[in-house]
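Q: Sequence:
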Amino acid sequence: MGQYVVRRLLQMVPVFIGATLLIFLMVNVMGDPVAGLCGDRQCDPATAARLRKEFGLDQPVWQQYLTYMGNVFTGDFGTAFNGQEVTELMSTAFPVTIRLTIVAIVFEILIGITLGVLTGLRRGRPVDTGVLLTTLVVISVPTFVTGLLLQLLLGVEWGWIRPSVSPAAPFGELIVPGLVLASVSLAYVTRLTRTSIAENRRSDYVRTAIAKGLPRRRVITRHLLRNSLIPVVTFIGADIGFLMGGAIVTERIFNIHGVGFQLYQGILRQNTQTVVGFVTVLVLVFLLCNLVVDLLYAVLDPRIRYA
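First residue of the sequence shown? That's 1 in UniProt numbering, and the numbers climb one at a time after it.
It should be emphasised that the hints constitute simulated quantities derived from the structure, not laboratory data. Bear in mind that the values here come from a model prediction, so they are computed numbers and not experimental data. Careful, some of the hints might be misleading.
[What the hints assert, rightly or not] Have a look at the derived ranges for each label pair, beta carbon to beta carbon: (1) Leu-268 <-> Pro-142: 19 to 25 Å; (2) Val-106 <-> Ile-267: 46 to 52 Å; (3) Trp-158 <-> Pro-126: 28 to 34 Å; (4) Leu-148 <-> Leu-295: 38 to 44 Å; (5) Tyr-264 <-> Trp-158: 40 to 46 Å; (6) Gln-3 <-> Gln-84: 41 to 47 Å.
Where is the CB? At the ideal position from N, CA and C, for every residue including glycine.
Work the whole structure out from these sequences, hints included.
A: Given below as structure tokens:
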């Protein structure tokens, strides 16, 4: 296991470099960052030259990337165009988005897996049909529609929640935004769990466990569910990164100043340092989540061993 972890960590290095290089190149072709600093009016040549030199934008792109990566390995993600360190923005944004993501993942695990198990064991029955139709509707409706609708009903009309989340963003205020963020993924988890349960239910090991006279609950939890969760764990592991990076819409609706909000502001203002810095950390989150998922395979299925 230790050798496998070390090998995977070494494999992550070229993936990380390639992903950050691609992101750096894409962000740098979005437009002229100096033009975004000057607003609607065009900068005079002297001011534009000074700003480019101050932020290192007068250097070739490859040299900017090497300088950026050298600073990243020392914990320096650069300075935003407003003079604030990107690490300071991260220290305030990431804790908020992490709490929001935790709420969303809890909804996916508790509601999605529970509904998936129930429908997988009752395939073809009315409850199965009802859940399938509901999840299809949830997948079809855009997230911004779901968010605005819940905000209007629960926050404005009925007054059950705050329409906008406070700057502190405690867990209690993130329940509804977390549900909105997790809604589509929750529907996919439900359908994926249902399909996996229904397929594995006909497997030989399940029939053998039933023939041995094992209690129904033990057959489901120790045998059927454990093996059926492998594709679900794969989806949820990858979804953690997607939720953190894709929270722009949800955070904008509920005025949550997290990673999505900072990315939106950085793209809007063409603040390359902010965008590249935040996305670099999200790449690390993706890679670490994939590593954890691979290690969980051996926990769920004893037949899987890593040399």
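Q: Within 28 to 34 Å: is that where the Cβ-Cβ distance between Trp-158 and Pro-126 falls?
A: 30 Å, holds
Q: At the C-beta level, are Val-106 and Ile-267 separated by a distance inside 46 to 52 Å?
A: 29 Å Cβ-Cβ, so the 46 to 52 Å window is violated.
Q: Quick check: does the Cβ-Cβ distance between Gln-3 and Gln-84 fall within 41 to 47 Å?
A: 43 Å, holds
Q: Can you let me know if the beta-carbon spacing of Tyr-264 and Trp-158 is within 40 to 46 Å?
A: Hint violated: Cβ distance 28 Å, outside 40 to 46 Å.
Q: That 38 to 44 Å hint for Leu-148 and Leu-295 (C-beta), does it hold up?
A: Holds, since Leu-148 and Leu-295 (Cβ atoms, about 39 Å apart) stay within the stated range.
Q: 19 to 25 Å was suggested as the range; check whether the CB atoms of Leu-268 and Pro-142 agree with it.
A: Cβ of Leu-268 to Cβ of Pro-142: about 21 Å, so the range 19 to 25 Å holds.
Comparing the model with each numbered hint stated earlier shows that hints 2 and 5 do not hold.
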